[in-house]
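Participant: Please take these sequences and the hints and turn them into a complete structure.
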Amino acid sequence: MNWSKLLNIALRALLTNKTRSVLTMLGVIIGVWAVIMLMAIGQGLQNYVTDQFEQFGANNIFIAPGELFGEEGGGFQSDEQMAANLLANTLEYEDINAIRKMRQYVKAVTAFSVNSAEVSYKKNTEKSSIVGVNHDYATITSTKPIKGKFFDKAMEEKKEAVVFLGYQITKDLFGDVDPVGKKILIKNRDYTVIGVGEKVGGGFGGPSFDQYVFIPITNWFELFDSKLVIRVMAAIKSEELTDGAIKEIEKYFLKRLKADEFSVFKQEDILKIIDQILGALTAGLGGIAAISLVVGGIGIMNIMLVSVTERTREIGLRKAIGATPKVILIQFLIESVVLSILGGLIGVLIAEMMTYFVKRFIPAEVTWSAVVLAFGVSAAVGIIFGVYPARKASQLSPIEALRYE
Amino acid sequence: MTQPVLVLKDISKVYRLGEEDLYALNQVSLTINEGEFLAVVGPSGCGKSTFLHIASLLDYPTQGIIQIKGMDTMDYTEPERARLRNREIGFIFQQFNLLAKTNAIDNVALPLVYAGDGKKDRERRAREMLEQVGLGDRLSSTPSQLSGGQQQRVAIARALVNQPSLIFADEPTGNLDSRSGEEIKKIIIKLNNEGKTIVMVTHDREIAKIAKRIVALADGRVVSDRPTKWARKTL
Numbered sequence: 001m002n003w004s005k006l007l008n009i010a011l012r013a014l015l016t017n018k019t020r021s022v023l024t025m026l027g028v029i030i031g032v033w034a035v036i037m038l039m040a041i042g043q044g045l046q047n048y049v050t051d052q053f054e055q056f057g058a059n060n061i062f063i064a065p066g067e068l069f070g071e072e073g074g075g076f077q078s079d080e081q082m083a084a085n086l087l088a089n090t091l092e093y094e095d096i097n098a099i100r101k102m103r104q105y106v107k108a109v110t111a112f113s114v115n116s117a118e119v120s121y122k123k124n125t126e127k128s129s130i131v132g133v134n135h136d137y138a139t140i141t142s143t144k145p146i147k148g149k150f151f152d153k154a155m156e157e158k159k160e161a162v163v164f165l166g167y168q169i170t171k172d173l174f175g176d177v178d179p180v181g182k183k184i185l186i187k188n189r190d191y192t193v194i195g196v197g198e199k200v201g202g203g204f205g206g207p208s209f210d211q212y213v214f215i216p217i218t219n220w221f222e223l224f225d226s227k228l229v230i231r232v233m234a235a236i237k238s239e240e241l242t243d244g245a246i247k248e249i250e251k252y253f254l255k256r257l258k259a260d261e262f263s264v265f266k267q268e269d270i271l272k273i274i275d276q277i278l279g280a281l282t283a284g285l286g287g288i289a290a291i292s293l294v295v296g297g298i299g300i301m302n303i304m305l306v307s308v309t310e311r312t313r314e315i316g317l318r319k320a321i322g323a324t325p326k327v328i329l330i331q332f333l334i335e336s337v338v339l340s341i342l343g344g345l346i347g348v349l350i351a352e353m354m355t356y357f358v359k360r361f362i363p364a365e366v367t368w369s370a371v372v373l374a375f376g377v378s379a380a381v382g383i384i385f386g387v388y389p390a391r392k393a394s395q396l397s398p399i400e401a402l403r404y405e
Numbered sequence: 406m407t408q409p410v411l412v413l414k415d416i417s418k419v420y421r422l423g424e425e426d427l428y429a430l431n432q433v434s435l436t437i438n439e440g441e442f443l444a445v446v447g448p449s450g451c452g453k454s455t456f457l458h459i460a461s462l463l464d465y466p467t468q469g470i471i472q473i474k475g476m477d478t479m480d481y482t483e484p485e486r487a488r489l490r491n492r493e494i495g496f497i498f499q500q501f502n503l504l505a506k507t508n509a510i511d512n513v514a515l516p517l518v519y520a521g522d523g524k525k526d527r528e529r530r531a532r533e534m535l536e537q538v539g540l541g542d543r544l545s546s547t548p549s550q551l552s553g554g555q556q557q558r559v560a561i562a563r564a565l566v567n568q569p570s571l572i573f574a575d576e577p578t579g580n581l582d583s584r585s586g587e588e589i590k591k592i593i594i595k596l597n598n599e600g601k602t603i604v605m606v607t608h609d610r611e612i613a614k615i616a617k618r619i620v621a622l623a624d625g626r627v628v629s630d631r632p633t634k635w636a637r638k639t640l
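These protein sequence lines map, in sequence, to chains A and B. Residue numbers for the first sequence, in this note's numbering: 1 to 405. Residue numbers for the second sequence, in this note's numbering: 406 to 640.
The hints are simulated quantities; they were obtained by calculation from the structure and are not laboratory data. In this text, a Cβ means the ideal position worked out from N, Cα and C, and glycines have one as well. Any given hint could be a false lead.
Stated by the list, open to error - DEER-style ranges, computed between Cβ atoms:
1. Asp624/B x Asn302/A: 24 to 32 Å
2. Glu424/B x Asn302/A: 34 to 42 Å
3. Asp624/B x Val22/A: 51 to 59 Å
4. Ser397/A x Pro632/B: 33 to 41 Å
5. Thr482/B x Trp368/A: 42 to 50 Å
6. Met476/B x Asn8/A: 26 to 34 Å
7. Ala280/A x Pro484/B: 46 to 54 Å
8. Val22/A x Lys524/B: 27 to 35 Å
9. Val22/A x Met479/B: 26 to 34 Å
10. Pro632/B x Ser4/A: 48 to 56 Å
11. Asn438/B x Arg391/A: 35 to 43 Å
12. Asp542/B x Leu345/A: 38 to 46 Å
13. Ser4/A x Glu587/B: 37 to 45 Å
What the hints assert, rightly or not - Far from chain B, by Cβ distances over 12 Å, these chain A residues were calculated:
14. Tyr48
15. Asp51
16. Phe53
17. Ala117
18. Lys123
19. Met155
20. Tyr167
21. Asp176
22. Val200
23. Leu241
24. Tyr252
25. Leu271
26. Glu314
27. Met354
Facilitator: Structure representation (structure tokens):
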């Protein structure tokens with residue numbers, strides 16, 4: 001009894017009931033499709049967020065008011081706590097100068113403050129995030145102008161009313177007009193456009209840097225009549241120095257603040273936590289989708305049981321003329337495995353195709369691990385849920401089976 | 406000296422019905438030699454079917470010994486019994502028991518599939534067998550395209566394809582009109598004339614007459630066992 005003959009027998013049995021076979025496969029198709037699709041979206045999000053963070057450059061460290069990370073380094077705090085931290089006035093402009101003086105570590109440093117306001121050019125008005133930063137911001141974040149330039153140290157010191165616009169806000173305000181040298185109004189004050197940033201993209205689920213309006217932090221303090229610094233970003237000379245720099249900066253702040261009133265962290269720390277959260281999310285979604293695979297498996301078992309009952313006489317005949325119980329077991333097992341593997345293949349194909357289209361709207365990426373996982377699980381489903389009906393068939397007594405009407 | 410193909414020694418089959426033991430077969434002993442054509446007759450409920458199932462290794466006796474070509478089958482496992490049935494026993498059923506939606510040649514070749522023969526060999530042998538029963542022109546017909554008599558001839562070809570030492574026929578004409586029944590009778594007689602050992606179970610006295618030896622069962626016991634020409638009274 002060779003395998004190709006057994007496969008042949010199984011395929012023929014499945015083809016005899018085409019509609020039934022397709023409907024049975026549908027359970028597995030949907031299950032595999034759902035697992036791959038959800039994992040693709042999860043993975044896409046993860047890649048997207050990582051990309052977004054990498055725009056900042058690898059050697060950057062961040063200082064934020066309040067305690068951003070929990071004690072064990074896992075998870076963020078509650079919304080209220082986060083909001084309170086954002087408004088906490090613990091970071092001061094003077095800190096920038098102090099950190100800048102740590103020359104053995106720090107290459108450049110900038111404060112980062114943000115508030116929203118209306119920006120208008122002639123009749124075009126847009127609500128935008130007005131970001132106050134130091135002139136080093138462009139270096140730290142590798143912001144590249146496509147027109148004009150970022151403001152320099154002199155402009156910052158003189159609190160000049162100059163503005164560097166994000167790519168998208170420029171489009172919205174100016175259309176095709178060259179904005180450099182033009183005047184715009186922010187909170188009814190005149191600002192001169194000195195540069196436009198290149199398109200950085202993104203913005204999924206929040207404003208993109210393309211929509212930001214950058215002004216010197218010194219000017220920002222006057223404009224919003226505030227001394228609030230919500231972030232300090234520092235570029236460290238090399239990656240190996242980041243941990244030393246974090247310690248040094250912590251030491252500096254501890255002279256003035258309590259340990260839970262500020263946080264110093266590197267980009268990697270945030271990425272790690274986001275990866276953790278998105279990873280758990282992806283696994284969770286995949287797990288929920290996997291339930292549908294189990295349901296698909298139960299569908300296969302159900303149909304195989306019906307098939308065994310329907311073909312009781314056939315099984316009896318096969319046994320009478322020499323099929324051993326093992327051969328019958330394998331024959332029925334192959335039928336259920338073919339159903340599940342074929343269903344799995346079709347599910348993978350549909351998921352690949354749909355991801356191709358979905359990609360245009362939300363980040364999604366089919367990973368090999370998701371395909372292998374879904375496919376492996378579907379094959380396992382075929383075996384696990386096929387064993388019971390196949391055993392039932394193999395254990396039928398030939399005379400009972402032949403007598404069956 | 407002809408060698409016994411099938412030997413049954415003190416075969417009993419007991420079913421437990423509540424408190425009572427019901428003997429479907431009671432101490433049946435029988436020796437069937439090569440080339441014999443035996444008919445097992447008796448009224449319904451006499452144990453004919455049980456006899457057929459046990460003698461053909463489809464069922465287990467409660468007691469007794471079954472030898473096929475001198476091999477004691479009593480301690481055979483189910484896979485061993487399946488292989489023995491495959492090699493040594495051919496079945497002809499009242500209901501034909503052909504695989505629907507499967508053509509004649511594949512139906513006939515089925516025992517060879519389980520014997521592990523190659524595709525070419527299977528097809529050649531199955532074709533020969535179908536030609537032998539007069540269906541050389543219906544190789545690719547499915548059972549639904551064949552008459553009852555033709556279906557039974559396909560089943561006979563299937564029973565012969567492994568060249569078994571023993572053929573069991575269970576009411577082989579029971580599902581057929583009289584003309585088809587005659588055809589099948591002729592084929593069975595011809596097979597026996599060619600040397601095949603045949604055990605046929607029937608309640609039909611007319612058909613039993615084609616056998617050379619008639620065993621009558623009643624209440625699970627052998628009540629008569631004699632050559633057909635002397636068995637007229639029993640019939």
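Participant: Could you run down the list of hints and mark each one as holding or not?
Facilitator: Status of each hint after checking the structure:
1. Asp624/B x Asn302/A: 24 to 32 Å: violated, 45 Å
2. Glu424/B x Asn302/A: 34 to 42 Å: holds, 40 Å
3. Asp624/B x Val22/A: 51 to 59 Å: holds, 54 Å
4. Ser397/A x Pro632/B: 33 to 41 Å: Hint holds: Cβ distance 35 Å, inside 33 to 41 Å.
5. Thr482/B x Trp368/A: 42 to 50 Å: Roughly 45 Å apart at Cβ, these two residues keep to the hinted range, so it holds.
6. Met476/B x Asn8/A: 26 to 34 Å: Once the Cβ atoms are compared, 32 Å apart, the range 26 to 34 Å for Asn8/A and Met476/B holds.
7. Ala280/A x Pro484/B: 46 to 54 Å: holds, 50 Å
8. Val22/A x Lys524/B: 27 to 35 Å: Holds - the Cβ-Cβ distance for Val22/A and Lys524/B, about 29 Å, lies within 27 to 35 Å.
9. Val22/A x Met479/B: 26 to 34 Å: The hinted range 26 to 34 Å is violated for Val22/A and Met479/B, with Cβ atoms some 48 Å apart.
10. Pro632/B x Ser4/A: 48 to 56 Å: holds, 50 Å
11. Asn438/B x Arg391/A: 35 to 43 Å: holds, 41 Å
12. Asp542/B x Leu345/A: 38 to 46 Å: For Leu345/A against Asp542/B, whose Cβ atoms are near 42 Å apart, the range 38 to 46 Å holds.
13. Ser4/A x Glu587/B: 37 to 45 Å: holds, 42 Å
14. Tyr48: Per Cβ check, Tyr48/A is outside 12 Å of chain B; nearest 53 Å; holds.
15. Asp51: holds, 57 Å
16. Phe53: Label holds. Min Cβ-Cβ 62 Å, cutoff 12 Å.
17. Ala117: The claim stands: Ala117/A keeps its Cβ more than 12 Å from every Cβ of chain B (closest is about 78 Å).
18. Lys123: Holds, since 78 Å exceeds 12 Å.
19. Met155: Holds, because the least Cβ-Cβ distance between Met155/A and chain B comes to about 87 Å, which exceeds 12 Å.
20. Tyr167: holds, 67 Å
21. Asp176: Given a closest Cβ separation of 71 Å, the condition holds.
22. Val200: holds, 64 Å
23. Leu241: holds, 73 Å
24. Tyr252: Answer for Tyr252/A: holds, closest chain B Cβ roughly 81 Å.
25. Leu271: holds, 60 Å
26. Glu314: Answer for Glu314/A: violated, closest chain B Cβ roughly 6 Å.
27. Met354: The assertion about Met354/A holds, with a minimum of 37 Å to chain B.
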